[in-house]
Amino acid sequence: MKKRKSVVICYFQGNGGSTPLRLPLLSQVLRTIKEKSMSMPLSTSSSDGTEFTIVALSYRGYWTSSGRATQSGIELDAQAFLDWVSETYTAPETDLEVILWGHSLGSAIASSATATYLSRHHGDQSSVSKGGTHLPVNIAGLILEAPSSSIKDMLISLYPQKWLPYRYLWPFSWNHWSCTTAMERIARWRDQNDEQSDAIIQRVKSGAPMLPRSRHNCISLESFRSPPPILLLSAESDEVIPPHVADGLESDGKRLKLELERKDVRGALHTEAPVKVDGREALVNFIFRCTSERVRVA
Numbered sequence: 174m175k176k177r178k179s180v181v182i183c184y185f186q187g188n189g190g191s192t193p194l195r196l197p198l199l200s201q202v203l204r205t206i207k208e209k210s211m212s213m214p215l216s217t218s219s220s221d222g223t224e225f226t227i228v229a230l231s232y233r234g235y236w237t238s239s240g241r242a243t244q245s246g247i248e249l250d251a252q253a254f255l256d257w258v259s260e261t262y263t264a265p266e267t268d269l270e271v272i273l274w275g276h277s278l279g280s281a282i283a284s285s286a287t288a289t290y291l292s293r294h295h296g297d298q299s300s301v302s303k304g305g306t307h308l309p310v311n312i313a314g315l316i317l318e319a320p321s322s323s324i325k326d327m328l329i330s331l332y333p334q335k336w337l338p339y340r341y342l343w344p345f346s347w348n349h350w351s352c353t354t355a356m357e358r359i360a361r362w363r364d365q366n367d368e369q370s371d372a373i374i375q376r377v378k379s380g381a382p383m384l385p386r387s388r389h390n391c392i393s394l395e396s397f398r399s400p401p402p403i404l405l406l407s408a409e410s411d412e413v414i415p416p417h418v419a420d421g422l423e424s425d426g427k428r429l430k431l432e433l434e435r436k437d438v439r440g441a442l443h444t445e446a447p448v449k450v451d452g453r454e455a456l457v458n459f460i461f462r463c464t465s466e467r468v469r470v471a
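Taking my numbering, the leading residue of the sequence shown gets 174, the next gets one more, and so forth.
Hint data in this document are derived by calculation from the structure and do not stem from the laboratory. There could be a bad hint or two in this list.
As the list claims (entries may be wrong) - Below, a list of computed lysine-lysine pairs in the DSS-like style, where the Cα atoms sit at most 27 Å apart:
1. Lys427 / Lys325
2. Lys436 / Lys325
3. Lys436 / Lys175
4. Lys207 / Lys178
5. Lys325 / Lys335
6. Lys436 / Lys449
7. Lys176 / Lys207
8. Lys436 / Lys207
9. Lys176 / Lys378
10. Lys430 / Lys325
Claimed, not checked - The following label-pair restraints were derived from C-beta to C-beta distances:
11. Ser239 / Gly190: 17 to 27 Å
12. Gln365 / Lys427: 30 to 40 Å
13. Glu224 / Trp336: 48 to 58 Å
14. Ser410 / Arg376: 51 to 61 Å
All values derive from a computational prediction rather than experimental measurement. Glycine included, every Cβ here is placed at the ideal spot set by N, Cα and C.
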């Protein structure tokens, strides 16, 4: 029997404000997804009963979450968030795929979470959760909206005047979020796992006995071997992040041979890329492309 597909979009907010402020945007994106799904031919997998859900993480120290907002703490929150998604949405009759979507500082959090999760669960056969109760999720895509490349670049863009001291304080920051570093970790994970995944493929081709079915080898070989595609959604009139940041991240993605596409949203300010019609369409189309039907290994 064909499994029902469930797509969960995990949203990581930027530095300012709290989760409720993002709810109108998230609702608007979800409506656009459902409208597109209903308008697609019934023969396509994404229109055949696929359920789309958006969930948002309120980091420690944000909104009603307790604790203090530190990088190490938020990194733990992000992994707990993804584990919760797996526990909540995994079911025997469901094919679960996850998209990570980060805005501004949240783009660095989302990309870092992706790199860490891939290392934890795809390629490390001992990486089942402590309770051993849930499968690792398949991260199908990563969206970086109005991304900041690093804390250093953020300080320089916020304080461009060379006579101001703030732009020189980045070495003393407790937090060192960096999309570039996260992408390098993702590429390194890919390279380190090439040999292992190729060995699995050779066993399949040769007809050699496979390992007993486990929580790990039910993941597709394609998703095991390849990092998720990345959408760089840049706001053309961003008043916070300068244009060269998106240029640099795009260059980094190409250098690392990651699957990365870029969309510059004309006239969009820092928080407006998915609010503009063409930006929202680019985001939604990317989600549908990432979650199209893939061949799975039983």
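Check: Against the structure shown, which of the earlier numbered hints fail to hold, in ascending order?
Finding: Checked against the structure, the hints that fail are numbers 3 and 12, while the rest are satisfied.
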